[in-house]
Every structure is written in C-alpha cells, then in structure tokens.
Amino acid sequence: MNAHTNKEFEQELRTLRERLATMGERAATQIALAMKALVDQDDELAREVIANDMHMDRDENEIDELALQILATRQPVAGDLRFITMGLKFVVDLERIGDLAAGIAKRALELNRLPTLDSRIDLGSLANLVQKNLNAALDSFVKRDADRATAVIAADIEIDRMNASLFSALLAHVATDPATVTRVLPLTSVCRYLERIGDHVKNLSEQVVYMVRARDVRHRQLGTKG
Amino acid sequence: MNAHTNKEFEQELRTLRERLATMGERAATQIALAMKALVDQDDELAREVIANDMHMDRDENEIDELALQILATRQPVAGDLRFITMGLKFVVDLERIGDLAAGIAKRALELNRLPTLDSRIDLGSLANLVQKNLNAALDSFVKRDADRATAVIAADIEIDRMNASLFSALLAHVATDPATVTRVLPLTSVCRYLERIGDHVKNLSEQVVYMVRARDVRHRQLGTKG
Amino acid sequence: MSSSANLAVELRTRKRSADAAFGWVARGSAAFVLLVLAAIALTMTARSAPVLSAMGLDFFTSTQWSPPEKVYGALPFVFGTLFTASIAIAFAVPVSIGVALFITQVAPPRVRRYMIYAIDLLAAVPSVVFGLWGVLVLSRDFGLGRSFLTAGIILAVMITPIITSLSREVMETTPQADKEAAIALGATRWEMIKATVLPHSTGGLVGAVMLGLGRALGETIAAALVIGSALGQITTNPLAAGNSMPAVIANEWGEAGTLHKSALIALAMTLFVITILVNLIANAIVARAQRRMRGA
Amino acid sequence: MATTAVTAAAPLTTSSTPDLRSRPNWRATKSALMTGVMILCVAAIAIPLVAVLGTVVSRGIGEVLRGFPDFFTSDIPVVSRRVGPGMGPAIVGTVLATGGAALLAVPLGILGAVYLNEYGGRSAFARTVRFMTAVMAGVPSIVMGLFIYLVWTMRMGYSAFGGSLALACLMLPVVITSSEQMLKLVPQTLREASYALGASKSRTIATVVLPAALPGIVSGCLLAIARAAGETAPLMFAVGAATRLNPNLIFEANTALSLQIFENANLAFEGAQGRAWGAALTLVALAFSLTLVARLIVKRFK
Amino acid sequence: MSTTVFELADVEIFYGKYRAVRAVTLDVLEHEITAFIGPSGCGKTSVLRALDRMHDTVAGARVAGSVRYRGVDLYAPDISATAVRRRIGMVFQKPNPFPKSIYDNVAFGPRVSGTKSKADLDIIVEKSLRGAALWDEVKDRLKSSALGLSGGQQQRMCIARTIAIEPEVVLMDEPCSALDPIATAHIEELMRELKSRFTIVIVTHNMQQAARVSDHTAFFTAEQDPKTATRGGLLVEVGATAQMFSNPKDERTENYITGRFG
Amino acid sequence: MSTTVFELADVEIFYGKYRAVRAVTLDVLEHEITAFIGPSGCGKTSVLRALDRMHDTVAGARVAGSVRYRGVDLYAPDISATAVRRRIGMVFQKPNPFPKSIYDNVAFGPRVSGTKSKADLDIIVEKSLRGAALWDEVKDRLKSSALGLSGGQQQRMCIARTIAIEPEVVLMDEPCSALDPIATAHIEELMRELKSRFTIVIVTHNMQQAARVSDHTAFFTAEQDPKTATRGGLLVEVGATAQMFSNPKDERTENYITGRFG
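Chains as they are written, first to last, in my numbering: chain W, 1 to 226; chain F, 1 to 226; chain H, 1 to 296; chain X, 1 to 302; chain Y, 1 to 262; chain V, 1 to 262.
No wet-lab data here; the hints were simulated from the structure.
No experiment lies behind these values; they were computed from the predicted model shown.
Heads up, a few of these hints could be off.
What the hints assert, rightly or not - Result set (DSBU-like, lysine-lysine): computed pairs, CA atoms no more than 35 Å apart in a straight line: (1) 299(X) / 139(Y); (2) 195(V) / 139(V); (3) 143(F) / 7(F); (4) 143(F) / 195(Y); (5) 7(F) / 127(Y).
Stated by the list, open to error - Covered stretches of chain V (chain Y as the covering partner; in silico rule of three or more C-beta atoms under 8 Å from a C-beta of chain Y): (6) 93-105; (7) 175-188.
The beta-carbon is built from N, C-alpha and C at its ideal position, and this holds for glycine as well.
Go ahead and model the full structure; you've got the sequences and the hints to work with.
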C-alpha cells in the first residue's frame, strides 16, 4: 500500500505499530524473566518482574491514548481503522500477559519459601512453547503475515495438550505424596498462567489475521475455550 | 447532551449501548447458572452454560463489527468516540467473563463425577459478591454513573480478600485430609475464576469511569494486580 | 407502480410543435439584423455609385469639395472627423479612467453611490444639448469660436460620462479576492490598482474607449453646430475652423442636388466603413484581453 | 535558473519586537499622489458638466415656466423671431417617434437576444449575427437617417413613423446586446433546475430565463429609449418639419424636441434660442427620468 | 430483495471525442441512497447527469452503453427527456432557487405538469415543504422571494421543489458542498427521511458524507484511458457503504478512502 | 515553551453598529497551526482578518480590544497596515491568482517591497515555489498565465506568492473549501511542512480538517448577543486539538464537533 499523503498520520500509525511491538517484546521478556526466577529460585529477579508490570500498564494507557487521538483527529477508515481498533484490543491481551507473568513471579516467590519439589516437573518446555508462540504472534503482527498468525492459532492446541498432561503429572505427585500439596498448588497456578498466556497469544494472532485478512476468524474456528 | 442531528447515528449508538447491556446481562446470567450447576450438582445445567458461551462469543463479534462500522461511517469524536472505544474493550472483558463462567461449569462437571466434599466450602458468598459487583458495574454503565463504578472498583479488594481466605480454607482441608486433593483442586479453580471475574468487573468499571469522566483511572489507583 | 411496458409508453415522446415554433421565431428575429445591415450596405453602395464613378479614387484623395463645380473630394472631412475625434479622445480617456478609478477604488460608499447616479444621468444627456451649449456658450459667450478644438472639447465632455460609466462597470467586476490578495501582500492602494484593477479591466476599458471613439466619429449634431463648416481645411491648428463628415452631411443635405446627394451618401458610406473598422479593432482587442484573462 | 542553488531559509524567529510603524516613503507618497490625480479628474469633468446642466436649467426654466403650461401645449411659433412658447408638437413628435421605435425594436431585439443566448450559442450563424450586431451598433446615426430616407422617406414622405424606423434601427443592436448580456447573467443552474423539473425549452425560457433577466432587460431597453429620444440626425431625414401638432404616427411631417433644439440653436433670435433652451431642459428631463427609472428597476431587483 | 431502479451496463460518456467516463456497470436499488464518490475528473457527475438525460442540454455530449430505468432504455429514440425528468428529479450543487416567491418555486414543477387549480397547488406546496422539513420555517412567508432564505434553507426549498413533482428518484449533485456543517447535517438528515419515499442517488466529493448517508457507494477514479490516451474517469468498485469503508475490495478504493493520494 | 505570536484580549469586531464577534481572548503560538472552527456567522473569518488589518479595507468595520503581535499593538495609531501585512501574509478561500504569469504572481510581493534585481527575483521565485511544493510542476512554464493552473495548483501558487514576501505568519481563510479531497490533502501536507518556518492560522468549516492539521483549535459559535439583541459570534473554547476532539471542556464544543446541532 502507498504511504499516506498525510505524513503526520503516517508517522502516528508507525508510532502506534512500534509501541505495540515494543510492548509485545516487553511481555515476552517478562515471561522469560519470570520463568528464570522460578527455575533459578531468584527472589530478586521475581520482584523485578513484578515491579516491571507497572510499565506494561503504562504502555496500555499510552497506546490507548494514542489510538484514541488518531481516531479523533484522523478519522481513519478501512485498513487503517482495522489496524487501530486491533491495537486497542491487542493491548488488552498484552497487558494481561504482563499480569500473568507477574503472577508467575509471585508464585515463584511463594515456592522459594517452600522446600524444593524432589522430581521437578517440566514446566520449561511449556514455557518455551508459549514464548515461541508469543514471539511468532508478534512477528506475524510486525510482518502483517496472516499465515504465520494462523499457524500460531493452530499451535495453541499443543499448549492446551501439554498443560493437561502437566496437570495430571502434578496431581499424580500429590497422590503419591500428600505433603507436597502446598508446593504443587502454586505450580498448578503457573501451569494455568502459562496456558492463559497461550490463550492471549491466540487472541493476539486472531487480531492479526483479522487486521490483515479483514475477516473475523475469532471464535469461528477452533471451538470454545476455557 | 442533545440528541444527534444524524438520527441514524443516534440509533446506532443506542443499539451499541443496548447490545453491550444485553451482553452484560448474559454474562451475569451465565455466572449465576454456573454456580447453581455447581451447588445443585446439575450436569445438564452445567452443559447448558458451556453451550451458551457460544452466544457470548457471537455477541463479541457482532458488537465489534457494529463499533467498527460506526467508526468507519460516522467518524465520531469526543464523548461518542470514548463510548465506542470503551465498547470495544468492554466486550473483551465480558467475553472473558463468559469464558470463566463456562470454566466454572466445566469444573462443576468434574466435581459431580467425584464424591462430595464433607464440609462444604462457602463459595456462594464469594459468587454473590462477584455477581453483585458485576450487576453494579453494568448498572453504572447503563446510567453513566461514574460514582457507582468507582465504588465497584473499590469493592474488588473485598473479593480479593475473600478469595484469599477461601484459598487458605481449601488448603487446610487438604492438609487435614490429603485424599480430598483431587476434589479441592477444581474448587480452587472456581475460586480463582470468580476472582478473575472480579478483576474483569473492575476493568469494566474503570472503562465506565473513563467514558464518563474522560480521564484515565485505569492502573493509576489501586496498585498492581495479579 | 406501472410495469415496464406502461412506463415505456408514458416516457414516449410527444410532438412539441410549440417548442420548435418558438425557436424559429427567435431565429428569425436574430436574422433581422443581417437583413437591415445588408439593406444599408446595398442602398448606400447603389446611391453612392454615381459620384464614385464620376470622381473615381479622387473622391478619397482630393482636398477640393465644391458642389457648384461638381468636384467632390472627401479628404478634408475625413481628416476633420479624425482630428476632432482624436482631440476628444485625448481629453476624455485619461479623465474618464481617473474618475472611474476614483469612484470604484477611492470614494466612500455614500459618495460612490451618488457619483454613479450622476455619471449615469450625464451619459444620458442628448448630444444636441451639448451642441446647443457649445454653440451658444462655449463658442459665443466664452469666445472660443467655431473650431476643431471647440468641437473636440464638446465631444470630450459628451463622451466622458459614457466612457466613465462603462469603465466603472468593468472595474467593479474586478474580484474582491484579487484586490485583497494584493493588499494582503503589502501593496499600497495604487500598487493594488496597477496589479489587479487595471489588468483585469484592460479589455473592457479598450471597449469603452472604442465605443467613445465611435460616438465621437459618428456624432453629427454637436459637431455640426460648433465645428465651423469650413470647406477644404486640412490643418493641425486646433483653433482653425474645420468640418467633419457627419457635419457636412447634416449641413448640406437640405440644399443638395442629385450628384451632391450621391456625394454625401458616399461620404456617409466612408464614415460607416471607418466606424466599422474602429469597432472591429476594438472587438479584436477586447477578445484578446479576455482570452488572456481566461489563462488560455 | 534551474541550476541556482537554493538553501532553505532559516526560520524567521525574531523574538525582538517588530518595527511596524508607518514612516514616509516613496510608495506611500506615490499612492497618495495618484489619488490626488483621480480627484483632479473628477474636478476636470465635473466643471464642464455642471456648467452645461447649469446653463440648461437656468436658461430653460424661465422659458418653461413662462405662462405655464403653455410651453408644453402650444404650437411652435411659425415666426422664429417671436418670443414665447411653445414646444407642444415637438414633445408629441418625440414621444410618437420614440414610442414607435420602442414598439418595433424591443420585441425584435429581445427575441433576437433569446436566439443568440439560448439557441445559437457558439454556432456559426449566431456568431455571424453577434458580429453584425456589433457592426450595426457602430453605424453612425446620420448614416441610419440617410438609409431610412433612401428606403422609406423618398417613397412614403416625412412622418413620425419614418423617425421611428430610423430610431428602431439604432436601438435594435443596443437592445440585442444588452438583453443578451442580461440573459447570459442568468445562471445556467436555473435553466437546469427547470429542465430537471420536466419543463420544455420554450417553457423554461418563458417562465424562468426571461423573468429572471427581466429587470436588466427592461433597464437596458429604457436606456436605449432614452438615448433614442435624444437623437437628432436620423430624425432630420425622416420626420421633416412641422410647427403644428400632428398626433398621427404614420402620416404627415412632424417635428421633435431634438430637431427644434438643432434648428433654433443656429438662429440668432432671442425667442428661438429661448425655446431651444426650454426644449433642451425638457429633453434632458425626459432622458433623466427614463434613466432613473431604469436604475431603480435594477436596484430594486438586485 | 430491493427492486432495481437503474441498471447501467458498460456506460460511457463522451464530450465530443473525449471519453469522459467508461466502464460504468452498476445497479441502483429502490428506497436506498447510492453515493458516487471519487476524485475530480472521475466522471461521477457525468454519470449522475446521464440518469435523467441532462446531457441532452449540452451540445456535443453523448451517452453510450445501456442506461435502463425500471427496464426501459432511457436513451431509446422515442423516449421524451422531459417525461423522464418528471419521473427523475435533480438537486444541484449550489442552491438554485428561481427568483420567484417560495410558493411559485415549489409550484413550478406541478404547474409545468398541468396542475392549475390553486387549491391543488396549495396542498402540493405544503406537502412538499413539509417533506423537505421547511414548512414551519417558511409557512408565514410563502409569498416572499426564495432568494431571501439562507443557503441551507434554499437547498431544502430546492429539494421541496423537486419532490413537488412526485418523482420516483431524486438525483443530488454535491448538494451540500456550498453549505456549512450545520446546514449539511440538516440536509443529510432530510435525505435519510426521504429515502422511505424516494430512491436517492448522490454525488459527493466528501467521502465522510457518503459514509454517513448512503447505503451503497460507487467509487470512481480517473486514469489514463488506454483507448484515447487521455485521462478519463471509470468505475472502480460498487458495494455496501459499511463494507466499502471498513473493508473495500479494490486497492485503489482503499488508497483513496484512507487518504493515500500518491 | 513556544513563543506567543498573537495575543488577543477581549477582541470585538463591529460592522457599523453590529457587533459581529465578541469575547475573543486567545494566544497563537509560534511554529504551530492554530485552527478557527465554528458554524456560519460565528465570526471566525472576521477574527482572522483582524490579524493582518484587512478590516481597514472595509468601510465601517472596526476592531475593539487588544490585538498584540509579538507585543506590539497592531491597532496603535502609528502602525502602518502595509508594514503589518508584509509580516503577516494571507491566503484566501478561493485561489485568486493575478491575471499574470506564474513568475510575475510570485514576484509581485518582493517587487512591491523593492526587490528589483532579476537575479534576486529568480531566486525568490524558485525558493517560494519549492516551498509551496509546486516548483517541479511549473518550472517549465513560469512565464505562462497562472490562470491555466488547476485549482489545487493555483492555491499552492497563492501560498508561494504569500511566502515570497517572507512573512512570519501565514493566515489562511478556508483555503481548501473550493478544492477536491486530493488537492486538499496536498495543501494540508504543505501546511504541515510550512509550520517549521511560519506560524499558521487557518479558518475552516471542515472540522476534520482542523483535527487533521492543527496543533491548537479555537471553537467559535453564534449566539444571541445580550448587548445588541442580535445574533453574534463569540469564542467558546481554545485548546490543544487532540484534546478538543477527544475531550472538549465546553458542552457547546462537544455538541458541535460530535454533530449535535439541535
């Protein structure tokens, strides 16, 4: 597509795009750091992640403000409008991802106060998959690549599957050793957080497909969630 | 404020408002029915709630479509624009509330397959508080009552507090009787779902305040979440 | 709602003879102008034939006009006509444009309104009244006598309101936006006039001047009264008595014989041709100016 | 020129107080000077015109008021030397000749203008007619008088109607040109509005275009009539001479105010000159009132 | 499914030898507002004027292709332009009241069509002025000149004058371009009210206006004409307005409506 | 903090005895675009014309209150209107080129100001036309008539003509109302470029245009004037444009910009 005749408008759209990408990167970093804090039992890092969530909240406000200002002053239509409204919903998911990363960090703090679980549950591969998906979703957004985004949506099934098997494993742990229940509970939370992050990533990807293809894939395919 | 000179625009805004209110009511109903299914151990009702979530998804799509169409054809500014962008974010929360209600129904199905827990945990009062808050938030939206919405935001602390105490009670249960762990886990999920619904209700209220007062209360007060 | 077939019937053409008839009546009226002009040209040519065949080209070059000797040389009258008209134009044009500029660009609205009325009224004063004033006041009471100059002045006074009135109308059509553009660029009033009013009005001003010239050339009565009726004078002394084509015709027609009448008709024919030429030149200038204004 | 290096100007940020005071300079002086010249022009034309009108009024008013209203009703003295009224036959003659001319030229001229503007447009025939109209407008009045003498007076004799014919020929191009101008000023959108409402072309012209242009057309016609009323030369060849009232348009020689002024101006008699001034005042008043009515019509409908 | 009022197929409009617009194939549906948008020189006004044979009044203009009105070929040799125009009214860019009274303006069309009775005319004038939402503002001065009305009122009077002939279609050629936002809003509201009784086609160079009022939008643009090697207009895309402005099919449309003018 | 270029305090403008606009107190900041919006008759154009003393050319017009330009009272008795207008340029609603060549149009201002040298004028003309983004389109026909340009080009040439006098401020009175969306977009883009060199004040009745181009917006409206009992204009609200269009302070502003015209 051509550039806008109105260069200020063009610049504002570019800023919005960059802000969204930056916020996405921040979300990915937050997840990675939270998982690192959990694995390394690093209290300080966990607290840092929790503190950093403030920036994500600020991002959301500022991006909303920018989008609103563009809507008010540029009266965008068609592709531009889809992009901006997508941005408005995009930040909701990113902000929640940030909240969930902070949640993982909080659970890490809880776990660090408890004795370590003997046989470690493999949360890492779930976290890796989620992060990979998030990065793919952000990439599909930056490159306006609907096919890539569609692949992310499909990959969410794998996350759900992995989460279910991890959950059974954790339950099995409790069954064999009831005393571990207080330690297992935060871990099930982390599991669920990762799964919810996966859901948000799926939403992000649906927004990307919607923006690029201009048809609503949300809730049409892939059945219900929850 | 006066009516719009453009009566079609006026009608579209009214439709959007009504659709949002209807979707809000549906969300409240879904929570109530899910809790009833849980308490009454009613499998059929639980399955109905899960099936109904489809309607909430459709609501979200249709409201988004309407909002986008209004933005594309009416070029709204000022109060109208704030209302429409609020609507776009409002439905995100309502749709998630719907998902969470369906989640409660799914947990109810799981629990119904397990023996009943001897001493029942009082989830009812938490559910009541959440529903009360949701209704208050919807009411504040319909009546454009920022004070009421602010009260809802404040009340969320009570939900968090109640959730924390329920959680300790559930853990105490497992500690005294390790065999109950498989039954307690779904209950902790329900707890968490209710708390998350509470968070979404808080978000809804923040949107209402934003729309009415035109200043961003989101994330400014009340510290971080998660 | 009628079906498509009914609709087609309804939309069908009905003969509109009244419409066509009206068009032809209008066309016929327009053609009348051609008819009259052709009749003028034919009649005048036919009637001036005798003197032209008698005198040949000498009619236009000879300075001798002597009806008793049947010698008819029109040159002095052609000269007299052009000379008086030139004097009139020389006086009238600068004054007219100055007055028109004053009315349109300088005068306050109230003064402007009254001046416009005054000028329009003066343009309607019949030429014979100026002639009367010229002969009884200017030449007799002021002692200016009957001369080229007297005739020129009378003609100038006569055509000034006409040229002023037309110039004013043209100048008023200068778009306010153009004038404001010049003012907004820091121009003074005179700079604004030079940049917008004058270029915009060029075509119309030329038209106005040419119309004035046509009037001055063709004006019979005022000239006949004050020019002096001298025969055969070709002199650039403005105070000398002279004669002009229309004045000669008016003064001599009454007592003219057949060939003399033919000579006077030939004189009228000459006057006719000169005014047509003036008009054609004026039209061409106006058209060119308009083309330039349109930016082609 | 295209190779000239152009550097962007530095922003004109002058935070200091700008000097905007007026001070004398050549440009302002020149402008004032030119305004002065214009005022001189006004004076240059006002003086002779006021003198002419002043003389006409001061010399004419006495003549007109002497034995009022005899000046307007009595016959013209057969003996020019005689002092006294009146101008009755000349006034009637002027009205007859001018009125007849108007009846001939106005309908013909307006229809011709309708053709030129509404039908002809830029067609070859219309362009020819337009050009010939301009030529005809330039025909000197005395030529028109001669023409009428040759085609009419020589056969039918002197009469007011001959004058009418001559004046009509003079008026026709003026009426056509001014009417076409007025029709041209009627916005095309009005015609389109009428067509869009299902009106035919003749209906559109009759009920929309002509009414819209009417004030301008009437005013143009009145000005043409005013000018015709003051014409002298064409009447000399067509109207003849008379001293008695002749209310008949078609037959018998007649006279007119302008003819009387012309004839009496050349006579050295006090009475004749007095009557000439009286006739001049009458003629001027007639022309003025027609002009004023024309202007009022335009102003009223603007 | 709405009735199709106009059916244009491969319409081209020529001024002399110049092909001003080509490739116009579109349907206009009953009781809808159809908007024509596009840049200057895209031929949108030419196409509008082809719908009530206003090109007949312009020397050298010619319409090729098929223009059908309810199935009837409007350019068939035996079709009367005045009869067509009495079915298909037109409102113009600048308010163009006749220099007559308000009453005579509105009664003009009915009188042309043969209505003479004062009583009938009174009823028509009142009904039309009410229809144009102007009655209350002018009922006390029906006999005063229409030129004394404000610009917005004049335009509404022109609409009243048009609907007084009870047309089936009202064509509007940039009816608000000479008006301020308030008068524009009133005219737009009036259009929405009128569409229950008439079919409306509007040309506008204000895209937002097309978005606000129309049900269907046709986007025209100007491009090099491969046949004549001059710039000429053509139809790019027709579609439901909401879809055109949120999700146009053609990239040229998207570029234009989003303000990417190259 | 930007420098204040204009400082208006309690400005009122009279035409004869009629008070056309009142209560105008606002600042115009350097290197910004300030837009005046509001319905017809709100006095926005009158206020604009007060900024370069264009009211001097209208008999009976009078400006009351204080109009300060960089601290200087523009209406002080010893201030020269022509000197003011050389500092403060103006672009009008309809493109109004002089009937001269493009070159002579642009060189008009500099010539009036005393620049005679052909070489200097050449440089000024090129620079100004480049500044108005018109150079490439007209460099090969500088000597042909400016009236042969398209509407949008004419308006850009008028802007070039204005910036040729190197003013500090450019006032624009609805500069795009006679143009189509594409020409409008180009003029708007030009305005955004020019604001790095000039301070711009624009009157527009297109609210979206104000939203698109301006940094600050002043909203005027027309109301019953309590003093004269006639309808007159007044200033309602001034603010940053983004804020005015997303969150105006005054309800009258909100009603107007959202299209609630009563």
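Hinted pair residue 7(F) and residue 127(Y), Cα distance within 35 Å = Judged against 35 Å, a Cα distance of about 22 Å means the pair holds.
Are at least 3 residues of the region 175-188 of chain V within less than 8 Å of chain Y when you compare beta carbons?
-> It holds, with 6 qualifying residues against the three required.
Mind taking a look at whether chain Y covers the region 93-105 of chain V? Criterion is 3 or more residues with CB to CB distance under 8 Å.
-> Violated, because only 0 residues of the region 93-105 of chain V bring their Cβ atoms closer than 8 Å to Cβ atoms of chain Y.
For the pair we were handed, residue 299(X) and residue 139(Y), check the Cα-Cα distance against 35 Å.
-> holds (28 Å)
Measure nothing beyond the straight line between the CA atoms of residue 195(V) and residue 139(V); if it is 35 Å or shorter, mark the hint as holding.
-> holds (24 Å)
Holds or violated: are the alpha carbons of residue 143(F) and residue 7(F) at most 35 Å from each other?
-> holds (21 Å)
Hint consistency between residue 143(F) and residue 195(Y) [alpha-carbon to alpha-carbon, up to 35 Å] = Between residue 143(F) and residue 195(Y) the Cα gap is close to 34 Å, so the pair holds against 35 Å.
When held up to the earlier numbered hints, the structure conflicts with hint 6 and nothing else.
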